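Number of protein chains: 2
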Amino acid sequence: MPVNLPVPTASTLLPIKGIEIGIASAGIKTVGKEDLVLIKIAQGSSTSVVYTKNSFCAAPVTLAKQHQQQASPLYLLINSGNANAGTGEAGMQSAQRCCQAVAELANVSANTVLPFSTGVIGQQLPVDKMTTALPAAYQSLIRDNWFDAAHAIMTTDTVAKAISKQIEVDGKTITVTGMAKGSGMIRPDMATMLSYIATDAAIEQSVLDTMLHNAVEQSFNRITVDGDTSTNDACVLIATAQAGSSTITSIDDNSAQMLYQIIAEISQQLAHAIVRDGEGATKFIAIDVQQGVDTAECRQVAYTIAHSPLVKTALFASDPNWGRILAAVGRSGVTEFNLSKVAIYLDDICIVKNGEPASEYTEEQGQKVMDQDEITIKVELGRGMAKDTIWTCDFSYDYVKINAEYRT
Amino acid sequence: MPVNLPVPTASTLLPIKGIEIGIASAGIKTVGKEDLVLIKIAQGSSTSVVYTKNSFCAAPVTLAKQHQQQASPLYLLINSGNANAGTGEAGMQSAQRCCQAVAELANVSANTVLPFSTGVIGQQLPVDKMTTALPAAYQSLIRDNWFDAAHAIMTTDTVAKAISKQIEVDGKTITVTGMAKGSGMIRPDMATMLSYIATDAAIEQSVLDTMLHNAVEQSFNRITVDGDTSTNDACVLIATAQAGSSTITSIDDNSAQMLYQIIAEISQQLAHAIVRDGEGATKFIAIDVQQGVDTAECRQVAYTIAHSPLVKTALFASDPNWGRILAAVGRSGVTEFNLSKVAIYLDDICIVKNGEPASEYTEEQGQKVMDQDEITIKVELGRGMAKDTIWTCDFSYDYVKINAEYRT
Numbered sequence: 003m004p005v006n007l008p009v010p011t012a013s014t015l016l017p018i019k020g021i022e023i024g025i026a027s028a029g030i031k032t033v034g035k036e037d038l039v040l041i042k043i044a045q046g047s048s049t050s051v052v053y054t055k056n057s058f059c060a061a062p063v064t065l066a067k068q069h070q071q072q073a074s075p076l077y078l079l080i081n082s083g084n085a086n087a088g089t090g091e092a093g094m095q096s097a098q099r100c101c102q103a104v105a106e107l108a109n110v111s112a113n114t115v116l117p118f119s120t121g122v123i124g125q126q127l128p129v130d131k132m133t134t135a136l137p138a139a140y141q142s143l144i145r146d147n148w149f150d151a152a153h154a155i156m157t158t159d160t161v162a163k164a165i166s167k168q169i170e171v172d173g174k175t176i177t178v179t180g181m182a183k184g185s186g187m188i189r190p191d192m193a194t195m196l197s198y199i200a201t202d203a204a205i206e207q208s209v210l211d212t213m214l215h216n217a218v219e220q221s222f223n224r225i226t227v228d229g230d231t232s233t234n235d236a237c238v239l240i241a242t243a244q245a246g247s248s249t250i251t252s253i254d255d256n257s258a259q260m261l262y263q264i265i266a267e268i269s270q271q272l273a274h275a276i277v278r279d280g281e282g283a284t285k286f287i288a289i290d291v292q293q294g295v296d297t298a299e300c301r302q303v304a305y306t307i308a309h310s311p312l313v314k315t316a317l318f319a320s321d322p323n324w325g326r327i328l329a330a331v332g333r334s335g336v337t338e339f340n341l342s343k344v345a346i347y348l349d350d351i352c353i354v355k356n357g358e359p360a361s362e363y364t365e366e367q368g369q370k371v372m373d374q375d376e377i378t379i380k381v382e383l384g385r386g387m388a389k390d391t392i393w394t395c396d397f398s399y400d401y402v403k404i405n406a407e408y409r410t
Numbered sequence: 003m004p005v006n007l008p009v010p011t012a013s014t015l016l017p018i019k020g021i022e023i024g025i026a027s028a029g030i031k032t033v034g035k036e037d038l039v040l041i042k043i044a045q046g047s048s049t050s051v052v053y054t055k056n057s058f059c060a061a062p063v064t065l066a067k068q069h070q071q072q073a074s075p076l077y078l079l080i081n082s083g084n085a086n087a088g089t090g091e092a093g094m095q096s097a098q099r100c101c102q103a104v105a106e107l108a109n110v111s112a113n114t115v116l117p118f119s120t121g122v123i124g125q126q127l128p129v130d131k132m133t134t135a136l137p138a139a140y141q142s143l144i145r146d147n148w149f150d151a152a153h154a155i156m157t158t159d160t161v162a163k164a165i166s167k168q169i170e171v172d173g174k175t176i177t178v179t180g181m182a183k184g185s186g187m188i189r190p191d192m193a194t195m196l197s198y199i200a201t202d203a204a205i206e207q208s209v210l211d212t213m214l215h216n217a218v219e220q221s222f223n224r225i226t227v228d229g230d231t232s233t234n235d236a237c238v239l240i241a242t243a244q245a246g247s248s249t250i251t252s253i254d255d256n257s258a259q260m261l262y263q264i265i266a267e268i269s270q271q272l273a274h275a276i277v278r279d280g281e282g283a284t285k286f287i288a289i290d291v292q293q294g295v296d297t298a299e300c301r302q303v304a305y306t307i308a309h310s311p312l313v314k315t316a317l318f319a320s321d322p323n324w325g326r327i328l329a330a331v332g333r334s335g336v337t338e339f340n341l342s343k344v345a346i347y348l349d350d351i352c353i354v355k356n357g358e359p360a361s362e363y364t365e366e367q368g369q370k371v372m373d374q375d376e377i378t379i380k381v382e383l384g385r386g387m388a389k390d391t392i393w394t395c396d397f398s399y400d401y402v403k404i405n406a407e408y409r410t
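Chains as they are written, first to last, in the working numbering: chain A, 3 to 410; chain B, 3 to 410.
The set of hints was computed from the structure by calculation and includes no laboratory data.
It is possible that part of the hints are untrue.
[As the list claims (entries may be wrong)] Below, a list of computed lysine-lysine pairs in the DSS-like style, where the Cα atoms sit at most 27 Å apart: (1) K370/A with K403/B; (2) K35/A with K131/A; (3) K67/A with K403/B; (4) K131/B with K167/B; (5) K389/A with K55/B; (6) K55/B with K380/A; (7) K19/B with K31/B.
Quick caveat: nothing in here was measured; it's all calculated off a predicted structure.
Construct the entire structure; sequences and hints are all you get.
In structure tokens:
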């Protein structure tokens with residue numbers, strides 16, 4: 003059961019001029035389930051992608067990076083159910099064959115196709131199944147298909163994750179729609195699980211790249227479910243330039259800032275959706291570390307808390323066992339730490355002040371906050387002005403169940 | 003159920019001349035359960051201690067460090083059920099009052115008493131209960147009491163952990179006996195949970211310190227259950243000099259090396275016992291990383307695998323889902339990693355060779371190893387001569403259950 007995550011409806015997801023989406027069932031997941039998504043990007047669009055930093059990145063990641071350097075992308079081919087990771091040279095050939103199949107159907111060059119895969123690691127991609135299903139995906143390309151696509155890219159996700167927003171820029175309505183998938187193996191590093199965001203605005207490539215990097219840095223790169231960085235993470239931002247608005251050529255423009263704002267909001271909401279639907283999650287937790295020397299040490303403390311199995315199981319139990327938070331702060335490796343300046347809060351309830359248990363704290367106060375399904379853990383380090391926030395979930399029986407049973 | 007961990011029997015634990023142990027029930031854990039241990043160290047002994055590196059170290063750790071600088075320890079006072087951590091200035095006063103109570107009973111100076119606490123973090127120590135029970139512990143001081151002491155220091159441990167060994171040095175029989183406790187919040191940093199090892203050998207302080215540091219470095223500092231470093235870890239090594247053997251003054255002596263060997267063996271067996279009895283553990287896992295540039299990067303890769311909830315739940319499920327191991331190696335942060343040289347083995351079964359799935363590998367082979375309750379994951383980095391090994395356990399429903407229910 004995802005934590006306070008509304009299921010998107012088809013009518014709330016707005017199509018983007020210049021983007022068409024086709025869907026098919028290749029039988030990679032369960033027979034009959036949709037698992038193949040083809041996204042057509044109109045000529046003249048700009049596309050920016052960030053990928054996983056995992057050294058063992060998957061074959062489609064390696065190939066997508068190569069293709070992106072050679073040509074402007076016209077098609078994205080996404081499959082769920084198989085990650086095509088840890089598959090060696092055979093996996094690279096599989097990814098190439100899939101791109102080639104799209105190229106022949108659409109009469110384009112294979113390097114205009116970017117492949118994306120998500121699912122089980124270490125099994126060869128069933129290429130024949132995919133190429134057999136591809137024509138159905140190609141023939142079903144329509145503009146208004148984000149809802150079904152958001153479902154087709156799911157693996158252990160329990161709900162689809164997609165959002166649309168609109169703004170007026172210079173009298174023109176600009177739409178941004180994004181979708182994402184991800185539930186486990188979530189601790190993105192410079193990218194996320196799979197996420198696709200498109201706008202009909204016109205944005206120069208360098209500005210688009212800046213927008214995507216900044217948005218990812220404040221969203222997908224600030225979440226963790228289990229600390230495991232995937233081999234297949236990727237986040238795509240496409241600007242089709244079909245809204246009729248003038249081209250954005252600088253991030254400092256007023257219109258760029260307005261548009262960036264909603265791209266950032268969509269990124270953050272999709273990232274939060276991944277945590278809210280984190281494997282086995284029953285609570286949505288913000289960890290807010292303030293008064294650090296720099297943001298890096300704030301994140302270091304925040305991730306140490308977020309990855310502590312003891313903190314996560316206490317959150318699952320709604321147990322205000324704040325000693326586990328304190329122990330995590332203490333082992334986070336911040337150098338020359340002056341404990342006598344540290345404060346820790348559960349929402350607005352101060353539990354530690356000047357490094358000591360807050361005299362006014364009562365267990366009842368702590369229990370009241372812990373009983374909530376959304377909690378902010380705030381830590382003040384008392385050594386600087388920097389701050390950073392990350393989001394995570396708790397650790398339940400169901401996390402173990404899902405990951406002990408997945409694949410078997 | 004601990005993994006292949008025999009329950010020690012009273013008859014296998016050998017007393018150490020110069021060490022007496024008293025036990026009492028102070029009602030800190032459950033009423034009637036023994037939770038207070040007093041260890042008397044004969045005059046003329048040498049004592050070496052390593053403590054947790056957690057910045058939020060507990061009051062007894064802070065006080066024990068101060069006392070150790072002021073005087074040679076004559077008594078160790080250990081309580082289970084309450085960690086006296088995160089308890090601020092009041093916690094320091096509690097630890098001092100306990101030491102003072104021992105000092106008055108035994109007619110020694112309070113700074114010859116080292117306090118140790120283990121249990122729940124963030125609650126004030128019930129000092130009155132402890133001082134009430136102390137005379138019973140003092141009056142029960144006898145030499146042959148390691149078995150009961152190993153039980154009295156337990157918290158979530160399911161079995162006691164203690165070992166004795168003997169060797170002949172220069173015609174004299176020397177005995178070493180050690181005990182440890184620990185099951186969760188286990189990722190010791192320069193020390194362990196609580197461990198006490200004593201020998202009747204005569205060892206100079208500086209040599210004793212070297213022996214303890216080396217032994218801990220290859221045992222307690224190479225295990226992890228959940229990645230959480232405790233606020234209360236401590237490991238004590240005592241040499242009472244009562245075996246009649248000559249004093250060891252250099253670590254390079256032949257007799258020093260022989261003795262160090264069994265101290266190291268006891269440390270490693272106690273450390274392994276903590277992992278075998280790790281909270282919810284069903285498997286005992288060695289992670290052996292070889293061919294690194296230095297041991298630090300070998301450990302970095304090993305701990306990334308050991309802390310991955312996805313790897314740990316796959317081990318629990320006996321699922322040869324080696325893609326999760328590969329993903330963990332890939333995100334471990336080793337710089338300039340050449341994947342084409344990496345090999346990964348489950349016991350002797352090669353699953354990845356030259357960075358690709360091993361052609362001879364079959365799922366049946368992997369399944370056979372994963373069905374075992376003791377497994378070695380070996381990773382060859384192909385970039386140097388260094389290697390290191392750590393030990394961990396799997397991640398089961400019972401880990402969540404134990405930590406969601408502990409304290410509530």
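Next item on the list: If any of the earlier hints don't hold here, list their numbers in rising order.
Entry: The structure breaks hints 3, 4, 7; every other hint is satisfied.
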